[in-house]
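Protein chains: 2
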Amino acid sequence: MNEKLPDIKTDFALWYQEIVHKAELADHAPVRGCMVIRPYGYAIWELIKERLDKRIKETGHQNASFPLLIPESFLKREAQHVEGFAPELAVVTHAGGKELEEPLVVRPTSETIIHYMYAQWLKSWRDLPILINQWANVVRWEMRTRPFLRTTEFLWQEGHTAHETEQEAQEEALLLLKEYIDLCQNYLAVPVIAGVKSEKEKFPGADKTYTFEGVMPDGKALQMGTSHLISQSFAKAFNMAFQDRTGNLAYPYLTSWGATTRLVGAVIMVHGDKKGLILPPRIAPIQLVIVPILKKGEEASVLAAAQRIKDSLTNVRVQVDADDQKTPGAKFYHWEMKGVPLRLEIGPRDLAANQAIVTDRLTGTKKTISLDKLATEIPALLEAFQTQLFERAQANQKSHWHKAAKLAEFGPIMAEHNGIYQTGWCQRKECEEVLREYKATTRCLLDEKTFEYCFNCDRLSICDVIVGKAY
Amino acid sequence: MNEKLPDIKTDFALWYQEIVHKAELADHAPVRGCMVIRPYGYAIWELIKERLDKRIKETGHQNASFPLLIPESFLKREAQHVEGFAPELAVVTHAGGKELEEPLVVRPTSETIIHYMYAQWLKSWRDLPILINQWANVVRWEMRTRPFLRTTEFLWQEGHTAHETEQEAQEEALLLLKEYIDLCQNYLAVPVIAGVKSEKEKFPGADKTYTFEGVMPDGKALQMGTSHLISQSFAKAFNMAFQDRTGNLAYPYLTSWGATTRLVGAVIMVHGDKKGLILPPRIAPIQLVIVPILKKGEEASVLAAAQRIKDSLTNVRVQVDADDQKTPGAKFYHWEMKGVPLRLEIGPRDLAANQAIVTDRLTGTKKTISLDKLATEIPALLEAFQTQLFERAQANQKSHWHKAAKLAEFGPIMAEHNGIYQTGWCQRKECEEVLREYKATTRCLLDEKTFEYCFNCDRLSICDVIVGKAY
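Just so you know, the sequences run in chain order A and B. Reading the first sequence from the start, the letters are residues 318 to 788 in my numbering. Reading the second sequence from the start, the letters are residues 318 to 788 in my numbering.
Since the hints were made in silico from the structure, they are not lab data. It is possible that part of the hints are untrue.
Identical copies go unnamed one by one, so any copy, or any two together, can satisfy a pair.
To be verified - Once the Cα atoms are required to be at most 27 Å apart in a straight line, the calculated DSS-like pairs of lysine-lysine come out as: (1) K715 with K519; (2) K592 with K440; (3) K374 with K321; (4) K690 with K612; (5) K612 with K683; (6) K374 with K339.
Predicted model only: the values in this text are computed from it and were never measured.
Please build the complete structure, drawing on both the sequences and the hints.
Here is the structure:
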């Protein structure tokens, strides 16, 4: 079991694949591009979900559930939408032993069916805003898949809202963007760059897509989620008319926003090291593992002490590893692989001295702590761990985030060594297309302007843009 | 908006359909037999889920996620299983713009794909037990559908476990049965009859199916969930061999158990009355609604008092209905329809007297309570409400639960007036088949014996059985 992981520096993709497997986060399913999320991986997702769900509700939204299967004709009602999703659809053609009159697609996203329902519910401006979210599974037939990062089926939440005014919709889209950034930075400990997608990169059918992008240790960008201002053409395609305050017919302004199981992939990549995972305490299913050091004849008292420590740490997620078939060394290896932030060792001598040794997964620092002080010291160590992890991730982000004026200069370096580049852009598609030669895309437009000219042509830049290779 | 509901006594089915719509629990979806669970209905499901999930974890299980789409060949590996589910399958034949080499079925239940994965994970007896649950959506192409009670897609949890010994599997199946009964009786306030399904009625591929059945106000039975001992033929079909304690190859003993959004349907039917829903406080999204009685010039102080009351009831789910477009009467009607257990009215005169009037949705009893005592009285009233509701449901169950010796006598009465009948049975299929003539089935075998002979033939009865019409 103690084979080493592939080298994280030279073989990052293989390291990722191996750690997902070895830490028992997920397995390949016997269906192309699908994964099985194993209990340890799912517990991370549940903690992410719990936090995000709480904030979605606190900001005034309610959960609901819409059907998995969508009539094919619904997707065709919005031209850009069907063009964007058609190549990725999984289609149910037979059911109940018969061929269906109209095929049903397995939802790739739920705008169409949700807008159809909103049209039934929405009569007057008094019915607005509609603020609904759903936690669901969606299917997109992807070509190249990787556990968590891109899978044929994935889990996500998708919020769909309808508003009386464009400004309100705009505020809603930005509100959720802010929540997502808070989730990433303060819970996943992953710093993100937030901005707006280019016309080419935005969601099929959106007027505007806000994105938040993480920078991975290999210098590639990862789109971690999006928040859209949906085009009013959706509202029209689904006859979502309502009577406005002046008694006239009007169409609502719509948003949608989503975050997926991909977030787990970001956590794995951003924080992991050569020993395996490192989990941010706030989303770690186990925050502290207790390894009792068992000496013959003194097992019972040490195990009892381990249990007492666990019971006393009521606000910490603690596991006691009491397995008598494994050496402490094998246990250390196992829990390091699984990224548990803190390890506490206690043996007969420690117990006699009323103390324990606590080791930090991030730095390996050992600290001897009096048993009486664990209830205050452990939560403090976890908080410090969370902060340190975020700072380390920020340093990584910074090390890969370059500024450069001309693609002709930075393009070849980016193509070979990755990294993301902040530069100027005229916002014409022709210049965006050139990035392809370097396997890069625009990731997001920033709300700042430090370059005068476009990275490609001699036109003036409108605002800064982040370009880079992406997952 | 104040049209009356259909008569609950004479037109129960129509009453059900209307209340689901009017209380905004669910809507028909534009896909045959599917429903949209609206926020109020979904909030009930979330509270049921929260309680059940907590108990599933406390009894040692972990959540995970398995794929939605299952290769068609997997279902065919277990003969009884495919026979049971084949007529109900929805099949994906095309994906990513191409016809698939092997069709994929949308999971009707996940035994096959989960057992396939367990076979990869299970090497030695040390890996047992495997105790996994998933919260998921499943699709079964049903002929006659009704919101919550029987829908093409429904939400559920499905637990799947593997054990070293048959006895352990048996204990597991019974442990979950016990948890389900606790959930139904102590949270949904729905009394159930628990027992074993007949060979004909059991889950396709199970050795034994435990069931818990509710008795609806119209005298029909509702299967509320099941817990199965899965046949070892599954373990063999999926090559789930492991090395046992003696070093030999062995196959695990399996269970599966599930409960669905149908539970919401049971709550609607069992507790509702002519005014609408009545929700058990433990799963009511709103336990207390505050209706401020607004008099001109005194709105602000009354609204402030309502908010203060809400804020002081920290462990109660409270909503203040501050809508200034509606009369108190319209609000009373609305919240009665939605089944909120308690209503609190407060107007300027009450406020001056430091009191409020609390009305009980079940009996309509009004009580004047001092504002200083609300924090103790409201939780006590909610507890009493929960108990009363359960007792009323028990009385309903009792009124429909008859004992009778011979089908020839009770059959015609059952066919006309419903009701469930406890009787004797020889346990032969021939006699079970005769129930069809009365549109009835065996619902469950009981662990008692009060009849000497079979309800149909002259053979001896093996144990009592419940027969009746079912949803």
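Could you check the structure against the hints above and give me the numbers of any it violates, in ascending order?
Going through the list in order, the structure violates hint 3 alone and respects the others.
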